[in-house]
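Q: The chain contents come next:
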Amino acid sequence: MPKDSGIGASSKRREDVRFLTGAGNYTDDINIRGQAYVHFLRSDVAHGKINGIDTNAAEAMPGVVRIFTGKDFEGIGGLPCGWQVTDRHGEVMQEPPHPVLAQGKVRHVGDPIAAVVADTAEQARDAVEAIEVDLEELPAVINMKEALKEGATKVHDDLTSNLCYDWGFVEENKGAVEEAIQNAAHVTTLELVNNRLVANPMEPRVAVGDFERGTGNSTLYTTSQNPHVIRLLMGAFVLGIPEHKLRVVAPDVGGGFGTKIFHYAEEAFCTFAAKAINRPVKWTSSRSEAFISDAHGRDHVTKIELALDADNNFTAVRTETHANMGAYLSTFAPSVPTWLHGVLMAGNYKTPNIYVNVKAVFTNTVPVDAYRGAGRPEATYQLERVIDKAARELGVDPIALRRQNFITEFPYDTPVAVTYDTGDYGATMDKLEEMADIAGFAERRRQSEAKGKLRGLGINCYIEACGIAPSNLVGQLGARAGLYESATVRVNATGGLVVMTGSHSHGQGHETAFPQVIAEMIGIDESMIEIVHGDTANTPMGMGTYGSRSLAVGGSAMVRAAEKVINKAKKIAAHLMEASDADIELKDGAFSVAGTDKSVAWGDVCLAAYVPHNYPLEDLEPGLEETAFYDPSNFTYPSGAYACEVEVDPDTGKVTIERMMAADDFGNVVNPMIVSGQVHGGLAQGIGQALLENCVYDENGQLLSASYMDYAMPRASDLPNFEVDHSCATPCTHNPLGVKGCGEAGAIGSPPSVVNAVIDALNSGGKDVPHIDMPMSPARVWAAMNRASATGHGTAEGRSLGGASG
Amino acid sequence: MTSVKMTVNGKSVSGEVEGRTLLVSFLREQAGLTGTHVGCDTSQCGACLVHVNGDAVKSCTMLALEAEGADVATIEGQANADGSLNVIQQAFQDHHGLQCGFCTPGMVMSAAALLKENPKPSESEIRNYLQGNICRCTGYHNIVKAVLAASGQDVGAIAAE
Ligand code: FES
Ligand code: FES
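Chains as they are written, first to last, in this note's numbering: chain A, 1 to 806; chain B, 1 to 161.
Because the hints were derived from the structure by calculation, they are not lab data.
Treat the hints with care, since some could be wrong.
[Claimed, not checked] Once the Cα atoms are required to be at most 30 Å apart in a straight line, the calculated DSBU-like pairs of lysine-lysine come out as:
no., chain 1, residue 1, chain 2, residue 2
1, A, Lys-350, A, Lys-174
2, B, Lys-120, A, Lys-451
3, A, Lys-245, A, Lys-71
4, A, Lys-564, A, Lys-3
5, B, Lys-120, A, Lys-12
6, A, Lys-451, A, Lys-767
7, A, Lys-3, A, Lys-587
8, A, Lys-275, A, Lys-105
9, A, Lys-12, B, Lys-116
Next comes chain A alone, as it looks inside the complex (with noise of 0.2 Å):
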């Protein structure tokens, strides 16, 4: 029977209501009496020098408040990168400033060089088309081995070159790594492109900034992921403000994926300008703007090898990465190619020998950071390729290839730095393979051919590492924050609790979830439980939400700050009781002595906390709100199996999907039907990266897909329905929870057997086409398909390097 409340019901979620009414409450909602907005000057080249910027025409026209410009910002802090890399050489990477509005240079489209604050936003807009900014083009650097080329354009002048680092990992591998390829009986290589993508969370971005005279306070309401990290990095590093005369406030967000982590300069803009002119100051981004402002996602070319002995055994794996990191630093773009990624590319595999070796690079384009998955999605599409590429070189299955090669043993130390807590690989395939009625392939492969279509099985295997953390492991590879989460749980007088979690929810539920945990726990309704998040003025401080870790690590602190508001509710219990507190239980809402029929219900301790009458005031204070923060000892390791089976029509290259599967190991589950809904998404967004988006520049550094007419974002009609199952479960050890995360397996996953689907489609019609990078256009798979008959072999496209070519 499913549960109908607690841990492991499907419990609807309670915030839905207001957003299905058009009761939600967005940052572009917010308007405060007053307020100015502001619309930015970017620039439209990828590099250029400002000589000068005229703004005497812009300030004569109605509304205008006042006209910003780096000059302004000469002597404020620019924005910081929040992770420093150490490259194989000991050397820490290069790290150029950031400002907020451009200083002297331009180096991507979309760069801010003036902002105009006005009455209103046309206003704002229609001066800002009168400033003259007299910009020389200079060359740009778009691809990134050109960046790296001797004498190449450089895109900061004050570094050496356009290398940020060059990391190897682990370096001391490097050696026996290099000996098992030499001994290997088989060596098979691949080269890809794990292509370009904007994030594109369907809210745009929008930041108010408030000021407010009579307090000296600033307030900043952004659609952020983490208020307090903004808090933080805004506060600390680039205006200046101390946190405590500042505050930060994520209302209602519309979707992140990591995108809506980083800070960005319109929301230090917003809230330097809200002080500078004594109004508030609102900036709603367009979607035009998104694309150009907007953190990007992926962008790595690489190469991996993978040595098999004799009897197939995976005995080294070798992987060079080119990793663009556009024109700056984002917050957490240097950790996305290494620590996200290289500690990852054992896989679910026991290979002995691994070395990664990422080169990040700076070119003229948006700079580039963490998106859904970030860094996992690219170890486990090059890992799980190259093993689909040597099982067709073998001729053997690829399922039994994966699972001959499985861990299966745990705590399993891999030779990339981490320790795999718990999993069960094989469990997850056999799930896999039962949803994929493999037996029955055969047949539909023959019923699609019958309609003169190719019908092709991709599988792929993943494992991540999310619930980052912990801290202090983090902080010697470079995080500059910690990586803890915090939680205050506040009993009210009438046994109503209020959990204040640094943790932010912009769709994943957690005003439903967590309330599930407490509940649980106490015994109480769900409904006496109420969620507050997003607001660094009644939370304690938190990391917020990204990379699957908001019940992993934020969930653990509200249990652990709940089990204190326990232990002490069974002090005043037992003392209301004149027991041995040893003797209390508590359950079902009420606290017992054992082995009596003494109880009191929990609203009558909670009473008993808040009007201390008969308690013990010696030992006790009264109330009842405790704290945790729980910065985790590991991170956490869900994994899984997936599967995908397509269609390809020979005669245009159309692939469609026909069926996607998943098989998760999530560990312990706390709604089933949220967590399914997280991975239906990541699956969306998994596909739409195999078959649809991509992110591109010309050669001149001008985005060719800037908006929805050029950006293929998948659509209802692109998608069919999945099949997602999450029974396999090995909860992880080191959290109260057992809990591993969810959001971002299904974008991990899915882009392998996508690409592993069509690979085996097209080999089935006699193409021998080894690889075609994402997406997998019809443009792309025709062209594979043809050039495979004539000469061969076939990748549909050279390697395209900063996304560039279509």
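Add chain B with the ligands to chain A, keeping to what the hints say.
A: Frame of chain A; chain B with the ligands shown alone:
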């Protein structure tokens, strides 16, 4: 500035607008109905979808002045008279057809227009009709399921949860 007057969710609303003011801006900024959202500037996403004289219209593609005298319905007017969720809204909640909620008002208004036109749409008819509404969160699976359920059809064929 020109004055404009229309009926929104059964109430008369008027205001002064510029010629270029879009219907969506009028609804959000002047009528105070912020349930209608703006997700793009190329008429692609459908977050702004409302009904004008009974037809589904992306309110970012229409000038406020063009709606002079029109009967406009937005998400704020969709609940039942007693404030409870209507059949479509309830189906979205029951089947988890929303996550961040940003696309949701447009989705619900679009689904309502579909069901008026085609009371028992097939799964593929739903997917085709909703092409003009982008959702980045749900992968559409549960939206399709919610629309099927709202039309009184069996959703058993679509995987549980
Ligand atoms: S805002 Fe109207 S279609 Fe996107
Ligand atoms: S629910 Fe977030 S965009 Fe649809």
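Q: With reference to the structure, classify each hint as holding or not holding.
A: Each hint, compared with the structure:
1. Lys-350/A to Lys-174/A: Holds, at about 17 Å.
2. Lys-120/B to Lys-451/A: 29 Å, holds
3. Lys-245/A to Lys-71/A: With Cα atoms ~25 Å apart, Lys-245/A and Lys-71/A stay inside 30 Å; holds.
4. Lys-564/A to Lys-3/A: With Cα atoms ~26 Å apart, Lys-564/A and Lys-3/A stay inside 30 Å; holds.
5. Lys-120/B to Lys-12/A: The given pair, whose Cα atoms are some 25 Å apart, holds under the 30 Å limit.
6. Lys-451/A to Lys-767/A: 18 Å, holds
7. Lys-3/A to Lys-587/A: 17 Å, holds
8. Lys-275/A to Lys-105/A: 26 Å, holds
9. Lys-12/A to Lys-116/B: Cα-Cα ~27 Å, so holds.
Hint check: no violations occur; every hint is consistent with the structure.
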